[in-house]
Amino acid sequence: MIEIVGLRKRFGAVTVLDGVDHQQAAGEVVALIGPSGCGKSTLLRCLNWLETPDAGSLRLGDVRIEAGTPEAADRRLRQRLRRRTGMIFQQFHLFPHRTALENVMEAPVYVDRLPHSEALALAMGLLAKVGLSDRAHHLPSQLSGGQQQRVAIARALAMNPRILLCDEPTSALDPELRDEVLTVLKTLASEGMTLLLVTHELAFARDIAHRVVFLEGGRVVESGPTRAVLDQPQHPRLQEFLGKHRFAPR
Amino acid sequence: MRRVQTLLLILLAWTAGVRTTAGAAPPSEPGIRQVLRWANDAEGGAPFIFHPPDNPDQLVGFEVELAQALCDRLGCTSQFVQYNWANLIPGLRQGGNYDIIIAALERTPENLAQVAMSRPYFTFGQQLVARTQDTNIQSLKDLAGRRIGVLASTLSYRLATRQPGLEVRVYDENVNYFRDLELGRIDAVLTDSPIATVQLKNRPNLRAAGPSFAPAHYAIAVPIGSPELLTRINETLGSLIQDGTLERIYRRYELWGPQQAALATWTAEAVATTTSGASTAATRPTPVPMLRYLTILLEAAVTTLWVSLTSMALAMSWGLGLALARCHGPKPLRWMATLYIEVFRGTPLLLQLYFIYFGLAQQWGWKLSAGAAAVLTLGLNYAANEAENFRAGLEAIPRGQTEAALALGLSPVMTLRRILLPQALRISLPGITNDLIALFKDSSIVSVIGLVELTKEFLIRSQDAGDYIGLGILTAAIYLAMGHAASRGARAIERRLRT
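Taken in sequence, the protein lines are chains A and B.
Heads up: the first sequence begins at 6 in this note's numbering, then just goes up one per residue.
Heads up: the second sequence begins at 506 in this note's numbering, then just goes up one per residue.
None of these hints come from the bench; they were simulated from the model.
In this text, a Cβ means the ideal position worked out from N, Cα and C, and glycines have one as well.
Incorrect hints may appear among the rest.
[Stated by the list, open to error] Selected chain B positions facing chain A (Cβ under 7 Å, derived; list incomplete):
1. P557
2. E908
3. L915
4. I924
5. P927
Construct the entire structure; sequences and hints are all you get.
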């Protein structure tokens, strides 16, 4: 489903991604971990071309892009890439001037050109799925952080993505609000959604991820099945990183 | 609504306070001092008062020389005071600025109700001026349904407005209407004969249409209640007429004729009776029909409203384009937008108005109507402000909004239209509302190209009625009502944009 080969990205003089390779099968859940600044968010944002990689190639399902080629500058190709992915942001980024329902309906109506009634049914179904049917007509400012993030998930799901990219989906939430978001993501994982999530909640990674990828200095330092990586880290940098997360339960 | 009422009450209380303090100090009679301060408006032009084109440092004209001769004979020093012509009489009534007015003031009952006036120093008639090829215009009657230009607060203005079927355009000074007549924006000008004589000399495509009519007189204005000054001026003026000094001055400006020679026949008694009638009229001011004035002012407010709203619509759409060019455009476009904003923000509105109304016509023959020029100027000028308002709004939106929209698959255009602009508008709206209210007031500038809007109508009517407080409060109330409606409307839009 996902195939990344030699992905590079520089911001000015700083190399953020220094040749990243990654494969992921459909239905697989992968957690990206690593110290801040290691490039994990940038990697995620390259997958839907919010950042333009400098070199390397990318395949999501049937869409393939080679960075730096003329085709990569084609807006339609980028559009197809975005149609394959949904993205969940740390800060939710709901549209503050639209209700929960309108947030979810936005893309079906204005990208897919779905008739209003169909989009409405779809959006209500998704809000029910994340447990927010009764909040459909609330503005984001009237919702708690956890509710906002669940609306954001429903909004991403409305475009029927193959892959869900989650950029620290629970970092901005109080502990008691985290669980409601984690529960929704777990349900999606159990339904076979391909998930690539950047997180530093190792407990959650352990709970949901099939595999863990440890990124440092723009490179994949270690990757493997969740328990193997978290319980028997091989690389000294990963050992050090996990040592700092003392509360990570075994 | 309650807020408006409170504001009006404060305004009323304030004006009442002003009135009592002003009434407490009776105007002292200015006798003949060492220096006699005489007022005129140098914008009046030839032959009254002007700077000769070949010597711009000098001030000449028959009124300048008359003032000089008068002061010489009175044995005092002449001091010229520059004052806006339309405000000369109120300025004299208020006192303190100057002692007398020598500025082509007509000896009419309207003026005599407000100031004392000397014996006439000049006889003039009304002259209709038309384009040379418009041979069928000979009198006011031939102008039914056509446009005529006149100077505000003059006999010409009163004659033109009294004639039914004319579309009267009111000007602030007497060069612009000749230019508009040449350009075809108006069909005729009604003006005092000496003005017509001078202006027709350099304008071969204009002609005097028919003979001059409605003879009247210019006289020197003196504050009411200063009989000593008035007597001395009348005596001195009489001696200047008798000994031929006046004739010598007028001949230098090619103004002497049998009409002026007849000035000598004015008797002191005739002058005395008319001036005394004036002072009684001034002590008992006629009550002002407020309801009638309210409708007149409301009609003028319609002009203010459509000029302001159309300009704002233009300013918002053009300003949005500029803001988008500045925030998202390629470099040359960004640079040009910045230059535009700096130029239009950094130069006076009046200058821009003259450039667009007269400059474009003169240079490229683009003869915009006064309304179009007003809307275009105000729109282009306010676009610079609105562009900055929109830019502030666009830049205040977190980058995450764009990313979320793009990640959902919205195109950049859709992202702008559906996500960024509604939020930016919500942020920019208070600034835009401020500008709209400022525009209601700023639009009064268009009176210089002959559009009578609310402030201009107030100036004309308050002068005619001699009432600044009553009409001033009416006018202020209309402005406040418009501003209040604008902020109410803005709040309704804010609610619809939510957040």
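Right, here's what the structure says about each hint:
The beta carbon of B/P557 is not positioned within 7 Å of any beta carbon in chain A (closest approach about 65 Å), and the interface hint is therefore violated. Because the closest C-beta pair between B/E908 and chain A is about 5 Å apart, less than 7 Å, the hint holds. Hint status for B/L915: holds, given a least beta-carbon distance of 6 Å to chain A, under 7 Å. At a threshold of 7 Å, the smallest CB-CB gap from B/I924 to chain A is about 6 Å, leaving the interface hint in force.
Because the beta carbon of B/P927 sits about 5 Å from the nearest beta carbon in chain A, less than 7 Å, this interface hint is met.
When the structure is compared with the earlier hints, a violation turns up for hint 1 alone.
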